[in-house]
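These protein sequences, in sequence, are chains F and H.
Under this note's numbering, think of the first position of the first sequence as 1, with each following residue one higher.
Under this note's numbering, think of the first position of the second sequence as 315, with each following residue one higher.
Everything labelled a hint here was simulated from the structure, so no lab data went into it.
Quantities reported herein were computed from a predicted structural model and do not represent experimental measurements.
Coverage of chain H stretches by chain F, computed from C-beta distances (three or more under 8 Å per stretch; other residues unrestricted):
{"hint": "1", "region": "325–333"}
{"hint": "2", "region": "403–411"}
{"hint": "3", "region": "472–478"}
{"hint": "4", "region": "530–538"}
BS3-like, lysine-lysine: derived pairs with alpha carbons at most 30 Å apart:
{"hint": "5", "chain 1": "H", "residue 1": "545", "chain 2": "F", "residue 2": "299"}
{"hint": "6", "chain 1": "H", "residue 1": "468", "chain 2": "H", "residue 2": "364"}
{"hint": "7", "chain 1": "F", "residue 1": "210", "chain 2": "H", "residue 2": "557"}
Idealized CB from N, CA, C, for every residue including glycine.
Residues per chain, in single letters:
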Amino acid sequence: MASLVIAEHDNAALKDATHKTVTAAAAISAPVHVLVAGENCAAVADAAAKIAGVEKVLLADAPEYARQLAEPMEVLILSLATSYDAILAPATTTGKNILPRVAAKLDLGQISEILKVVSPDTFERPIYAGNAIETLQAPTGKKVITVRTTAFAAAAEGGSAAIEKVAPTADPGTSKFASEALSKSERPELTSARIVISGGRGLGSKENFKLLDSIADKLHAAVGASRAAVDAGYVPNDYQVGQTGKAVAPDLYIAVGISGAIQHLAGMKDSRKIVAINKDEEAPIFQVADYRLVGDLFKILPELDEELAKRGTK
Amino acid sequence: MKVLVPVKRVIDYNVKVRVKADQSGVDLANVKMSMNPFDEIAVEEAVRLKEKGKATEVVVLSIGPQQATETIRTALAMGADRGILVKTDQAVEPLAVAKILKAIVEQEQPGFVITGKQAIDDDANQVGQMLAALLDWPQGTFAHSLELGDGSAKITREIDGGLQTVEVKLPAVMTTDLRLNEPRYASLPNIMKAKKKPIAEKTPAELGVDVTPRFKVLKVSEPPKRGGGVKVASVSELVDKLKADGVI
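Just chain H, same shape as in the assembly (with noise of 0.2 Å):
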């Protein structure tokens, strides 16, 4: 079975954000970008699939500018396969990101698709859905653990009372919450190994895609600050301030 695994080129996980001071969006210039690392989950979970024998080649796409080769290439590193790359230096809202998939697994036929539940810069969690949708196949989002069947696979879903199990018949798509696996750091030689790995390139013009925005961002700014603390000497200083304040 073919696994798609589409991965966003994000800020990286450890930079502090900044917005604009023009409140046009956040400072992206010169700022380290990285695989968005709920993708990084789903990389390696599809890696796991193919050394179990159990998924025949994994395929990763990544919608972006050109510098998203560069977080192909570390999925390719990690295990991938190959790599789509659908180009566009327009920032792609979440339901133009599923339609290109759509259109993408309409080539591809994978049987599988594995994506992060969300990327840490939009913080949607959107696309996994939506391209289920898209595509009417049933989905499994969240993933804490997963067992792939032949024809179906039983997905464990991290849920606000716990964990639930749903049995999903194939084809379907999984988005992957922090505890399914711990992703792999990439050997040198798979580091090496990895730039001769093919990347096909390709438009959303060609896939038939409008990206164009239909929401209008009127601004980006900076949450309220807190501010105003205080060092409390004691843990009796301290419930008589909470005592003060009402609050116990």
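With the rest of the complex left out, here is chain F (with noise of 0.2 Å):
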């Protein structure tokens, strides 16, 4: 038959998160399907289009999607259920909201966050914060699955799918959306950056973590945090990097005064190059780095940042 995976975006663009979902579907059921489910989305449907791979974009244009909410996703993605080996959404906070329901209403079992595709029943995903790898193989029929995004490529552009509109579901009317406060950022967003800086407790104060700014932003990198540095308030929920926050893995990670615990380490061990710089050579950050820089942050931070002024950044 074929699969169906749920599109990110915020109405206005897509995520790239979309594409690594596709590549992942593609190897379990082809041809791709990609629902865009918002408000005003026009846009983003022709975007989803135009990835390689891609044989049909379903777009479901009405006001009860414009925030995604799970009660009334559920009830469309269920509409649509029928035609598709398997569902699929990346494991952002949206798909993990969403899709479990889907699979409760049709009673299967979710396959959450993998990292491969053995076969297009069997999978492997991360337990236990990542110190383990299961590897899973479903029963026959329909699969209902979320996608660790930064364990696949994005598929390419290159595709010209036809769109197809599809008639809003009855919003259930239990949930609304009341208001947001979203981060403002120039920055690259955290899972499609190519480098990340992040801090930790090392850093200190919400003051000191402004260190890392200027560096960031001569590297065009998006600025992440540990666990330990959200709880102390020095930056917001979303920059968390982690099994319980976000999984990132660009090309160069650079971890400033990070101890490493075991579920930071889950969310960026992944990338292809870690940078650690951390006064404690026994931190546990240093096992995973390619790049062990042991002193003072607060000594390194401007140096480096001087040094980048003078050489340059690609």
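Using the hints, put the two chains back together into the complex; each one sits in its own frame.
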């Protein structure tokens, strides 16, 4: 049959997480269809139609999908479910919120955060905060899956899928959007940035955390944080990298003043190159680092900033 | 309003997990077990609701072997009123957990269910959403803060871009994120008191739920190891290396 990918977007732009989920979907059951549900989101559907390997884009454009709340999204996806072997969403907070509802209503277990498609019914996924990898075989029949997007390459551009409008389904009317407070940043998004620089408790304060900014600007990097730094109030929750925060796998990850708790390592150890800067030579972060710089971060950060200014970056 | 808090007994947060040599699972023999940390936050939130006069009774439920009673006792010592153990020695998949919880909800008729957003063993992040769907209730997942009203709740959620507040009609399910509250330590007198609080025992079969696993775990393996890192002596040496690698 086919697989259905739930698009990740903000009504204006399609997110890269969708392209990565398409790659996973194509390995399970082709052709791939993409559902774009939102409000005034035709541009997103146009973008989804250009992903190579996508045969059809389903566009559900209605006010009740503006925030992709789980309750109306569940009903919409269920109305489309019969035509598909597999229903997939990126393991973002949106996908994780919606998809288990769909699975339960279909009387299916969900396969969460797959890292690899071993075969169309067998998958690898992390358990115990990434300290173990489970290889799981699903029973025959439909599959409901969320995808750890850092583990899959993005599907290329170059497709020209048809866009088909689908009728909105009845809103259960049990939930409504009230407000949001989104972090505003000119920097790239944490999960898709080529370089990430993250700070931990070692930074010591909200003010000191800003020491990372100038370096991040020079490297065009996103700024992340350990759970300890978020809990201490240095930065908002959406900075958190780790098993319970965001998983990232950039070309370069720079960990500053992060000791390297297991749950933090789970969210970044797939990065291509890892630099750790820490004064404690025994810190667990050094076990996953390609380059270890031991010393006082308050001396090292200004030096690094100056060195980058002097020698330039890509 | 009655609040139901499902909790799970899991390997303790601080234990270093070891994969068994035969790849059949992780080694749980003689390992310290505790309440799933996200569920501790759920118990704390429910107890606070009771202390504020918004909840009338806090019922804690766990699905697992006889030892899961210890996890229920921990919640009772934190201030929950009574417990339910749904006893099974089988590992129960999230969908079956949600079905058991649905059966309990139908018996107990709570107005609000609070549970952890995920358990730190299987990291599935499914049960709360599945339970809400099976009951046709709304949900507020990954909760950062809660304002419980009369017929509705305002739940602020930790989302990828920041925070989002949704208003859900009651009854509803809420799943907790890390920063909702800081769970209390039970005092000795409360630990003693908890020993006298009632814990009812049921089985999945009595609730009409088949817990036979549907998925087959083919193996559990160690994650790929990174290695071969080098120590650099200075910032300029670090920049040299990163330039040579072509990453900056």
